[in-house]
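Asker: One line per chain: the protein sequences are Z and U, in this order. FYI, the numbering used here numbers position 170 of the first sequence as 170, with every residue one higher than the one before it. FYI, the numbering used here numbers position 216 of the second sequence as 216, with every residue one higher than the one before it.
Keep in mind that the hints were calculated from the coordinates and are not lab data. Source: prediction; values computed, not measured. Incorrect hints may appear among the rest.
[Unchecked claim] Simulated DEER-style distance windows between Cβ atoms: (1) Z:D75 x U:Q172: 33 to 41 Å; (2) U:D39 x Z:D31: 55 to 63 Å; (3) U:Q43 x Z:G217: 36 to 44 Å; (4) U:E128 x Z:T204: 27 to 35 Å; (5) Z:T132 x U:P40: 38 to 46 Å; (6) Z:I131 x U:N80: 40 to 48 Å; (7) U:P40 x Z:T222: 43 to 51 Å; (8) U:R81 x Z:D188: 47 to 55 Å; (9) Z:S186 x U:T42: 55 to 63 Å.
[To be verified] The following residues of chain U were derived to be distant from chain Z, with all beta-carbon distances above 12 Å: (10) D55; (11) D103; (12) E128; (13) E160; (14) T174; (15) V176; (16) T200.
[As the list claims (entries may be wrong)] Here chain U is said to cover these stretches of chain Z; the calculated rule only asks that three of the stretch's residues, wherever they fall, bring their Cβ under 8 Å from a Cβ of chain U: (17) 8-19; (18) 60-67.
Note that CB positions come from ideal geometry on N, CA and C, so glycine has one too.
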Amino acid sequence: MSDDVHHLAAAYTLDALDPDERAMFEAHLDDCERCRVEVAEFGEVAGSLAGAAATTPPPAMRDRVLAEIAETRQDRPTVRHLAETRRRPRSAMLLATAAAIVGLIAGAAIALVAFDRTSDSEVVLSAPDAITMPLDGAEGSVRVVWSSELGRAVVLGDGLPDPGADRVYELWSIGDDGPVPAGLFSPDDGRVQTVFDLDPNATTPAAWGITNEPDGGSPAPTGDILYFAEV
Amino acid sequence: MTSDVGRHPFGRDTGGATARATMDDVARLRILRSAEPADPRTQAVEALHAAGRGDEQAFARFYDLVAPTVFGTVLRVVRNRSFAEEITQEVFVELWRLAPRYDSERGSPTTWAATIAHRRAVDRVRSEESARARDDRHARDVPAERDEVAEAVTEHAAAEYDRARVAKALEQLTDVQREAVTLAYYGGHTYREVASLLDTPEGTVKTRIRDGLIKLRDYLEVPA
Ligand SMILES: [Zn+2]
């Protein structure tokens, strides 16, 4: 029997076990490294079999899927998952302690809650933990007001030059993983007051920067940092 | 206000020099963050990680990369277009829900999506088993041979490559191994069902499936 169990990895990977056997084998997987490795390898084989069956779905399905996911709340990442995805980009330091991981979870959870609210910039400005950062720059004045508890930031500006035709300003939250896009804005007659949801998985910003980018923004800065402040 | 924009915002290794971030820095940064044109798997990983942070546009990119595989797999198993569309929709909502938990060290995004899609299709079919008279002839076809459900097979080059590669890999199997593997995976049958369909002992079918997958794994050179 015990040797038999190991031999179920192939059938399990093809979803070819009865419900009872599947449950039994999944329990076994928790304790058996050898079977976990086999399931991962056979899983890639199954992925290839799946790829070979590729068939173009009806075009209308895309919109239906995107409409439905817009209304669907995501599961929270697991602690292990967060630790792993954070470690890979660069900073192991930040995650060196369990306390840091717990902090990330708490931050992410709070930010997810904040996503559900229709909060405006006033809420951020009056948040108990709000931090105001004046940014250094050539022309006009810009401040970023940011609440890590709400997971939101507000950009307040005055006297800003027009970004140009088909150009926008892009705000970057700059942490251990480098600059992460925080949002796009265009001043109206030099003035701006815009609220942004911050990426809940981004590291705590060590600095804020603003660049001038093509319409639609960029995934990474393409120009000089025009306004900048370290936290 | 104008004088001291000065600190280097990105460079940890420039010793806090006086220059502002320049295009060179950005280029260097891009190499670091590998934002340059990526292979499909890397693109899918990046899209899925961003989707896992709630980015719906990134999820749309992920959809474009994996939807043919998901839909094709489900269609293979359920053999009915409108049922396959319904299940595919459910699968993508589940993928969105689970995206924050995707771990790229456990497999490619395509494999991850295919695993969830196949499981869902098989479970739905089995739960409706009695309501459906299933025709098992199609399940025995190797995927390179198009049957009526595969008539809309995608023209995507990567899919064509996959199909050729898998067809070649399946050729390495004995006839009975190939039959057992395809009846199980594309037919969505349990090994017990396969045994009864082929009038063969269950233990023999289990062994054929296992030996077949080992050969496929070795031929496809799946990294350990
Ligand atoms: Zn085992």
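Asker: Hey, is T174 (chain U) genuinely clear of chain Z, shortest beta carbon separation above 12 Å?
Answerer: holds (15 Å)
Asker: Does the Cβ pair Q43 (chain U), G217 (chain Z) satisfy 36 to 44 Å?
Answerer: violated (19 Å)
Asker: Can we confirm that no CB of chain Z comes within 12 Å of the CB of E160 (chain U)?
Answerer: violated (9 Å)
Asker: Against the range 38 to 46 Å, how does the distance between the Cβ atoms of T132 (chain Z) and P40 (chain U) compare: consistent or not?
Answerer: holds (44 Å)
Asker: May I ask you to test the hint 40 to 48 Å on the CB atoms belonging to I131 (chain Z) and N80 (chain U)?
Answerer: violated (57 Å)
Asker: Taking the minimum C-beta separation from V176 (chain U) to chain Z, is that value above 12 Å?
Answerer: holds (15 Å)
Asker: Verify this label for me: D103 (chain U) is non-interface relative to chain Z, using a Cβ-Cβ cutoff of 12 Å.
Answerer: The claim is violated: D103 (chain U) sits with its nearest Cβ about 6 Å from chain Z, within 12 Å.
Asker: Go ahead and decide if the range 55 to 63 Å is satisfied by the Cβ distance of S186 (chain Z) to T42 (chain U).
Answerer: violated (32 Å)
Asker: Okay, D75 (chain Z) versus Q172 (chain U) on CB: inside 33 to 41 Å?
Answerer: holds (39 Å)
Asker: For D55 (chain U), is the shortest CB-to-CB distance to chain Z above 12 Å, so the non-interface label stands?
Answerer: violated (8 Å)
Asker: Honestly, do E128 (chain U) and T204 (chain Z) meet the 27 to 35 Å range at C-beta?
Answerer: Between E128 (chain U) and T204 (chain Z), where Cβ atoms are some 50 Å apart, the hint is violated.
Asker: Are three or more residues of the segment 8-19 of chain Z within 8 Å, CB to CB, of chain U?
Answerer: holds (count 10)
Going through the hint list in order, the structure does not satisfy hints 2, 3, 4, 6, 7, 9, 10, 11, 13.
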